[in-house]
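J.: As a plain string of letters, each chain reads:
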Amino acid sequence: MANSKSAYSTPGKQGKFDTHIIVVWVDNETGVLARVVGLFSGRGYNIESLAVAEIDPKLNISRITIVTTGTPQVIEQIKLQLKKLVPVHKVADFKREDKKVIFKEMALFKVVGNSLKKEKAFKACKKYNAVILDKTKNSYVIQITALRREIDTMTKNLKKFGLVSVSRTGAVAMTRGAEIFK
Amino acid sequence: MSKLYSGAEILFKCLEDQGVEFIFGYPGGAVLPIYDELKNFNSVKHILVRHEQGAGHAAEGYARSSGKPGVLLVTSGPGATNAVTALTDAYMDSVPLVCISGQVPTHLIGTDAFQEADTTGITRPCTKHNWLVKDIKDLGKTIHKAFEVATTGRPGPVLVDIPKDVQFQKTNYTKFKKQKKINGKIHNQFSQKDINELIKLMSKSSKPIFYTGGGVVNSGPRASELLRELVNTTGFPITTTLQGLGSYPGEDGQFLGMLGMHGSYEANNAMHDCDLMINIGARFDDRITGKIDEFSPNSKKVHIDIDPSSINKNVKVDLPIVGDVAEVITSTIKTIKKVKPNFAKSNKQKISKWWEKIQKWRSVNSFDFINSTETIKPQYAVQRLYELTKHKDTYITTEVGQHQMWAAQHYKFDKPNRWMTSGGLGTMGYGLPAAVGVQVAHPNKLVVDIAGEASVLMTMQEISTAVQYSLPIKIFILNNEYMGMVRQWQELLHDKNYSESYTAALPDFVKLAEAYGCVGIRATKPDELDDKIIEMINTDRPVIFDCLVDKQENCFPMIPSGKPHNQMLLGPKDQKKNKITGKGKTLV
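Line by line, the protein sequences give chains H and R.
Just so you know, we're using my numbering here: the first sequence kicks off at 232 and counts up by one.
Just so you know, we're using my numbering here: the second sequence kicks off at 2 and counts up by one.
Among the hints, erroneous ones may be present.
[Stated by the list, open to error] Taking lysine-lysine and the BS3-like style, the derived pairs with C-alpha atoms no more than 27 Å apart in a straight line are: (1) K247/H - K326/H; (2) K321/H - K289/H; (3) K40/R - K314/H; (4) K40/R - K326/H; (5) K40/R - K142/R; (6) K314/H - K338/R; (7) K135/R - K194/R; (8) K310/H - K40/R; (9) K40/R - K321/H.
By construction, these hints were calculated from the structure, which means they are not laboratory data.
Bear in mind that the values here come from a model prediction, so they are computed numbers and not experimental data.
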């Protein structure tokens, strides 16, 4: 870029990137997810993970949880741009380090092997609320709920116990205590 | 039981209730039921364009010159995709448009049917919001909602996609009542505390400047009047962006001219050296700021804008004030009168040194050019056009390029809504159809499109629309046979490698005018220019004016962004001293 002949200025100094969890309450209507995701891709924002589902069928409200990284300025823009979308009701933003907020992701692991391997795999998962959802003679499907990096670690560690398939959700978030986000 | 109406009828009933007088459109298979209904609604007049992009720009011209939303009606598939450029243009320049598009019948959606396109998908990033109406019961309220979204907060385009079967289906229509409450997306979030803070900054400042933009125009004519009052009360200098021209009188002494890449020397230097910058309804566009890191390094910055996402987007500001420009200025003036009734007097001394400095910059006369008796200089042409039309209430549109900048520099406006130009998107071909829309809104006013020969050829077909509806628009072409701005950059940055910027075969514009059934005039020498312009003004039909100008002329002054904002490149008289070298090349 520095040596290109351009009609535009070269980029200035870039700030530090932080990881944020953005929660968006939207009308559950056709195309609403595309609007939110399109805003991110169109303006060059990151999406690390995404979780979305209807949470209030009566009011027709969905809750979208997006994990993103950006400079403070970019995070501020993300929130303000989201708030401009017509079907968006409110936008919350939490830092990943925020102790007042719970973040969870869920993962399903399929482990194939003899009973020893399967049990070892299950044991390794135990501290993450492990549940066996399906078992056969030579396989387990194990469900865990944990933080992103914990699931990353487990994905690595379970390889030696016959992990053959991983499926995981995006993060969902909720504040601790009695308060809710208005 | 109340009467049942078809979808097409409901659409027109909505348009009637919204007070829509004109729609710009082009028929096609998926909107035939709507066109069939047109005959039953006399209050809505349809203007048949020649291309849907033209419909969009005409609607923009109508909206920007009248303050009312522009409405366009296009068919599915290519009709809608042709309108995309105009929608994007309106989105960038905050113009309220309502685009009604036809869609294939609901049961065919997703089957790649004839003239099917994912219109709501394609237009999602270039509209404020869009809707696909699959249920006739939603149609009425969707149309009204569309008008509300387009016109409230920061205005912009919206699109409603109506499948053909929905246009035939029948349901009730409840008359629309305009609600006071607006959808929560309007943001008058400022408080008296913000205003007090602003006035504190204003009274402390010794080098202040107002930097105002299209937001003042969008806020309505009252905002421009209030701005004048505020500027007079404070005695501060003011500069406006390209889109803000007209919100403050161009010939007033406190006005420093347009700022930015081709703005005046005094405006840009004042922006760089000021200690207080009050941004009213502008958005720190990259054509204004140049290199962000070196933009006005020592100033406190205030940003007044209706759109919270405009604040801190490009430039960090010290005092954001979110609200409608007219409301914010009203509060500010009121508070000044109460708290500091003698503001102007007490302040005069304090900023007198600043004004001296500004006068010094002003004496450089940066819009100056070397005139000629042999060839028509494009700047001279714009100056003469201005002198010969300024006594009339003239509306100016432009295309995009050098002629646009010369028009902005040399044509002076003293009222808002008189200047329609594509700033954000920079759409060549904007000016001619926009002039059509302006003339529709103001049938008895003089409407001139200051054009370049390359731009105008992109939407030339709309002159046929002007002829059909006897819209006496004047297309004033500064013809230099080049894409002038491209050629200028190639000259300055690419060692005069004029790659594909010369149009080797151009039409004879006078004959072309005759072929279209309007009037062609050509001027080739400076001494005949005045007479020809007068002839153009006095012609009560559309005119294509082919003004053959100097082919080599460049547009100055100019900020080559590699240099700081306060080191502009001036015109030929000053050029030897100030060559673009090395680093500057990358940044223009």
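J.: Against each hint, give a clear statement of whether it holds in the structure.
T.: Hints versus structure:
1. K247/H - K326/H: Holds - the C-alpha atoms of K326/H and K247/H are around 14 Å apart, at most 27 Å.
2. K321/H - K289/H: holds, 18 Å
3. K40/R - K314/H: Violated, at about 41 Å.
4. K40/R - K326/H: violated, 59 Å
5. K40/R - K142/R: Distance of about 23 Å is within 27 Å: holds.
6. K314/H - K338/R: violated, 36 Å
7. K135/R - K194/R: Distance ~47 Å between K135/R and K194/R Cα, so the pair is violated.
8. K310/H - K40/R: violated, 47 Å
9. K40/R - K321/H: violated, 44 Å
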